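**Student:** Each chain is listed here by its residues.
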Amino acid sequence: MNIVNFTPQSAFLGGIIIGLAVIIFFIGNGRLAGISGIVSATLVSKLNRTDNFLFIIGLVLGPIFYVFFTKINIPFLITPSLPIIITAGLLVGIGTKIGSGCTSGHGICGISLLSLRSITATIIFMITAIITVKLIG
Amino acid sequence: MMSKIVSVISGIIFGVGLSVSNMINPEKVLGFLDLFGQWDPSLIFVMLGAIIVSAPVFFLYRNKNKPLFADNFSISTLKSIDKNLIIGSGTFGIGWGMVGFCPGPAISSLALLNTYSVFFVLSMLGGFLLTKLLDKIIIPIQHT
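Heads up: the protein sequence lines correspond to chains A and B, in order.
Per my numbering, the very first residue in the first sequence carries number 1; after that it's consecutive.
Per my numbering, the very first residue in the second sequence carries number 138; after that it's consecutive.
Okay, chain B solo, but in the shape it has when bound (with noise of 0.2 Å):
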C-alpha cells in the first residue's frame, strides 16, 4: 500500500515540477535546443536544480540495506558504453528534437487536453511496443 502512496505522489510532484519549469511546454524545450538560433537556456537550470537534489541523497542512501517500502534498491548494474546505448539515445534525440517532447512532459501535458499530446503519447507507446516486438526478432536489448 505504502508504495502505492508513494508512487502517485512522486508522480504528481513530478508533474508540478515540469508546470512550474515549463519544461511541460515543447515550445521553451525547442528554445533550450536551438542552441544556435535563439537560445533559451532553462533547460540547463532544471537539471541542475535536480541533480543536486538528488545527487546528495543517492550518494547517501544506495549502499543502504533497503529503501522505505521495497525490499531493494534498483540500479541498472550496466557499466559498458554499448551499441544500442549510442543508437538508441541518438534516435531519441531526433524526436526530441522534432517536437520539443520527451517521454515526462508528454505524458504530463496529457493533463492540458491538447489532441496532438494524445497523438504523441500514443506514438510513443507504439514505439515502445514495437522495440518489445522487434527485441525478438533482431535487436537484442539490454533491459535494465
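Here chain A stands alone, though its shape is the one from the complex (with noise of 0.2 Å):
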C-alpha cells in the first residue's frame, strides 16, 4: 500500500460542511440526509415529495455555487466504460434499495446515530467496493 493524493484538510473540511447540511435537515424537517432514499422516494413516494425534490435540486446547486463563488474548478474524472456505467448504477440503485441506505444514510447519518445497522452496512459496502477495485483496477 502506497499513500498517494491524500488532502486531509479539504476533505475533513467538506466532512463538517456535509455535516452542517445533516443537521440543519435533521433539526428543521426531522429527518435523515440519506440521498438514496431521498431519490427514490422523490420516483415512488408523493410523502414529502416537494422537499424530496428541492433537496436534489440543492445538491446539484451546491457545485454550481461553490465554482461560482470560489472561481475552483473541481478536479473530475470518470474512466469506465459506458456499459460499466450504466451496470454499476443498476447495482448502485438496486443495492441502496434493498439495503436501505447508501454512504450518506448508513456511512454518516447512521454512524452518527450509533446504528448497528448502519455500521454493519458501511463495513459490508465498504469490503465489497475495496474488492471490486481489486479486482478489476
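It is worth saying that the hints were derived from the structure and are not from the lab.
Misleading hints may appear alongside valid ones.
[As the list claims (entries may be wrong)] Restricting the straight-line Cα-Cα distance to at most 27 Å, the calculated cross-link-like pairs of lysine-lysine (DSS-like) are:
1. Lys134/A with Lys269/B
2. Lys269/B with Lys46/A
3. Lys269/B with Lys216/B
4. Lys134/A with Lys216/B
5. Lys216/B with Lys141/B
6. Lys216/B with Lys46/A
7. Lys141/B with Lys46/A
8. Lys220/B with Lys203/B
9. Lys216/B with Lys201/B
10. Lys141/B with Lys203/B
11. Lys220/B with Lys141/B
Because the structure is a prediction, the values reported are computed rather than measured.
Need the complex rebuilt from these two chains, each delivered in its own frame; the hints are there to steer you.
**Tutor:** The structure is reproduced here in C-alpha cells:
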C-alpha cells in the first residue's frame, strides 16, 4: 500500500460542511439526509415529494455555487466505459434500495446515530467496493 | 414553506461539502477504494468531519419533542441485521467500486454536465424502480 493524493484538510472541511447539511435537515425537517432514500422516495412516494425534489435540486446547485464563488475548478474524472457505468448505476440503485441506505444514510447519518445496522452496512459496502476495485482496477 | 427552504438549503450545503472534499469526483473516491494499491485515505476524513458535527446534534435532539418545521423526527426503527441489509449493501458496494459513484456525488455531479454522470444517474433511477417492481413480486423489502 502506497499513500497518494491524500488531502486531509479539504476532506475534513468538506466533511464538516456535509455534517452541517445533515444537522440543518434534521433539526429543521426531522429527517436524515440519506441521499439514496431521498432520491428513490421522490420517484415512488408522494410523501414529502416537494421537499425531496428541492433537496435534489440543492445538491446540483451546490457545486455550481461553489465554483461561482471560489472560482476553483472541481477536479472530475470518470474513466470506465459506458456499459460499466450503466451496470454500476443499476447495482447502486438496486443495492441501496434493498439495503435501505448508502454512504450518506448509513455511512454518515447511521454511524452518527450509533446504529449497529448502519455500521454493519458501511463495513459491508466498503469491503465489496474495495474487492471490486482490486479485481477490476 | 419553511421545510421547503430547509430542504433546498440542506441540499446546497451538502453539494458544497461534496465539492470542497472533492468526493464528487469518482477518481478521488476510487483512490480511497484502492486500498491495496495507490491509497488515498481522504474519504475517511470526510466521514469523520461529518460524523463529528452530526453525532452530538443527533444525541441532543433525537429525544426532543419535535423538529422546527415538521411534526416529528423520522428515524428508522429497524434494529435487526437482516438478509436485505447484507445483500443490498454488498450489491451497492460492487456498483460503487466499479465507477466510484455513490448516490450523492452522482446527483451532485450532474452540475458538471458530464454525459457519463447522466447515464449513471438514469441507471441508478432505473435500479430504484426495478427494485420497487421486484418488491411486489419476490423480494419483500422493509421500507424505512
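**Student:** Taking only the CA atoms, is the gap from Lys269/B to Lys216/B under or equal to 27 Å?
**Tutor:** This hinted pair holds, its Cα atoms lying about 22 Å apart.
**Student:** What's the verdict on Lys216/B and Lys201/B, does the C-alpha distance respect the 27 Å limit or exceed it?
**Tutor:** This hinted pair holds, its Cα atoms lying about 21 Å apart.
**Student:** Would the hint linking Lys141/B and Lys46/A be met if the CA-CA limit is 27 Å?
**Tutor:** holds (15 Å)
**Student:** Does Lys141/B lie within 27 Å of Lys216/B when you go C-alpha to C-alpha?
**Tutor:** violated (30 Å)
**Student:** Does Lys220/B pair with Lys203/B here, judged by a C-alpha cut-off of 27 Å?
**Tutor:** violated (33 Å)
**Student:** Holds or violated: are the alpha carbons of Lys141/B and Lys203/B at most 27 Å from each other?
**Tutor:** holds (17 Å)
**Student:** Taking 27 Å as the top limit, are the C-alpha atoms of Lys216/B and Lys46/A close enough?
**Tutor:** Status holds; Cα separation ~26 Å.
**Student:** Given the hinted pair Lys134/A and Lys216/B, is their alpha-carbon gap at most 27 Å?
**Tutor:** violated (32 Å)
**Student:** Checking one constraint from the list: CA of Lys269/B to CA of Lys46/A, max 27 Å. Satisfied?
**Tutor:** Holds: Lys269/B and Lys46/A sit about 14 Å apart, inside 27 Å.
**Student:** Is Lys220/B within 27 Å of Lys141/B, Cα to Cα?
**Tutor:** violated (35 Å)
**Student:** Sort out whether Lys269/B lies within 27 Å of Lys134/A, counting only the CA atoms.
**Tutor:** Violated. Lys134/A to Lys269/B sits at ~31 Å, over the 27 Å cutoff.
The structure fails hints 1, 4, 5, 8 and 11 (numbered hints given earlier, in ascending order).
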